[in-house]
Amino acid sequence: GESVGLHLPTLSVQEGDNSIINCAYSNSASDYFIWYKQESGKGPQFIIDIRSNMDKRQGQRVTVLLNKTVKHLSLQIAATQPGDSAVYFCAERTGGGADGLTFGKGTHLIIQP
Amino acid sequence: EAQVTQNPRYLITVTGKKLTVTCSQNMNHEYMSWYRQDPGLGLRQIYYSMNVEVTDKGDVPEGYKVSRKEKRNFPLILESPSPNQTSLYFCASRLRFNQPQHFGDGTRLSIL
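Protein chains in written order, with the working numbering: chain A, 1 to 113; chain B, 1 to 112.
Hints are supplied without guarantee of correctness; some may be wrong.
Capping the alpha-carbon separation at 30 Å, the derived lysine-lysine pairs in DSSO-like fashion look like this [as the list claims (entries may be wrong)]:
id: 1; chain 1: B; residue 1: 57; chain 2: B; residue 2: 18
id: 2; chain 1: B; residue 1: 65; chain 2: A; residue 2: 42
id: 3; chain 1: A; residue 1: 56; chain 2: A; residue 2: 68
id: 4; chain 1: B; residue 1: 57; chain 2: A; residue 2: 71
id: 5; chain 1: A; residue 1: 56; chain 2: B; residue 2: 18
Label pairs and their calculated CB-CB ranges [unchecked claim]:
id: 6; chain 1: B; residue 1: 69; chain 2: A; residue 2: 10; range: 30 to 36 Å
id: 7; chain 1: B; residue 1: 30; chain 2: A; residue 2: 27; range: 20 to 26 Å
id: 8; chain 1: B; residue 1: 28; chain 2: A; residue 2: 42; range: 22 to 28 Å
id: 9; chain 1: A; residue 1: 55; chain 2: B; residue 2: 20; range: 41 to 47 Å
id: 10; chain 1: A; residue 1: 108; chain 2: B; residue 2: 51; range: 34 to 40 Å
id: 11; chain 1: B; residue 1: 112; chain 2: A; residue 2: 40; range: 21 to 27 Å
id: 12; chain 1: A; residue 1: 27; chain 2: B; residue 2: 13; range: 34 to 40 Å
id: 13; chain 1: B; residue 1: 38; chain 2: A; residue 2: 55; range: 30 to 36 Å
Don't read these hints as lab results, they were simulated from the structure.
We put the CB at the ideal spot given by N, CA and C, even for glycine.
Required output: the full structure, derived from the provided sequences and hints.
Below is the structure:
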């Protein structure tokens, strides 16, 4: 199956609502996962990460959930704001000898006023 | 301010004319990487470096070279650029293996 894929290329939400962006990964050996945000004309910006020994991790307005049983990762953004409009990527690291992350193709989050 | 700086930000050039994209980080990070980003393909790693004088190929290394003579710098070299190397390039660094990358703001290369 596709490694580190995202279910939807575009997600539109109302300002103030919660957003949930999903990611599926196929490598059960992956031990570290990251969510990035990329605004237009900028490089990816780290949002939050989670290691495989955890199920949930919270940051400021963001929560990442990891379900290893079904190899699924999600990013929840509370009270979505206009500044949250961006492309969101998940990434996984297999923990093997080779460096590097495998990135998903991204979900474009659009905030409706 | 902690940052990864790439130069140039934009470049239009012609096939076969050697070019170098510089990357510098001021965070004393050991790990540095180069990625290219293409529509529908996401970010793909070109080369990475785990420390000074230690570099290795990523997923798409053909047509590229790198060097790591100093910890802070990791230039990307295209000896003979071709149109299929037209892309958006990102340099990234991180302190240790299992830590998030810090990315530069990208270099948009157009090879005619």
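Hints, verified against the model:
| no. | hint | result |
| --- | --- | --- |
| 1 | 57(B) x 18(B) | holds (20 Å) |
| 2 | 65(B) x 42(A) | holds (24 Å) |
| 3 | 56(A) x 68(A) | holds (11 Å) |
| 4 | 57(B) x 71(A) | holds (28 Å) |
| 5 | 56(A) x 18(B) | violated (47 Å) |
| 6 | 69(B) x 10(A): 30 to 36 Å | violated (43 Å) |
| 7 | 30(B) x 27(A): 20 to 26 Å | holds (24 Å) |
| 8 | 28(B) x 42(A): 22 to 28 Å | holds (23 Å) |
| 9 | 55(A) x 20(B): 41 to 47 Å | holds (45 Å) |
| 10 | 108(A) x 51(B): 34 to 40 Å | holds (36 Å) |
| 11 | 112(B) x 40(A): 21 to 27 Å | holds (24 Å) |
| 12 | 27(A) x 13(B): 34 to 40 Å | holds (37 Å) |
| 13 | 38(B) x 55(A): 30 to 36 Å | holds (34 Å) |
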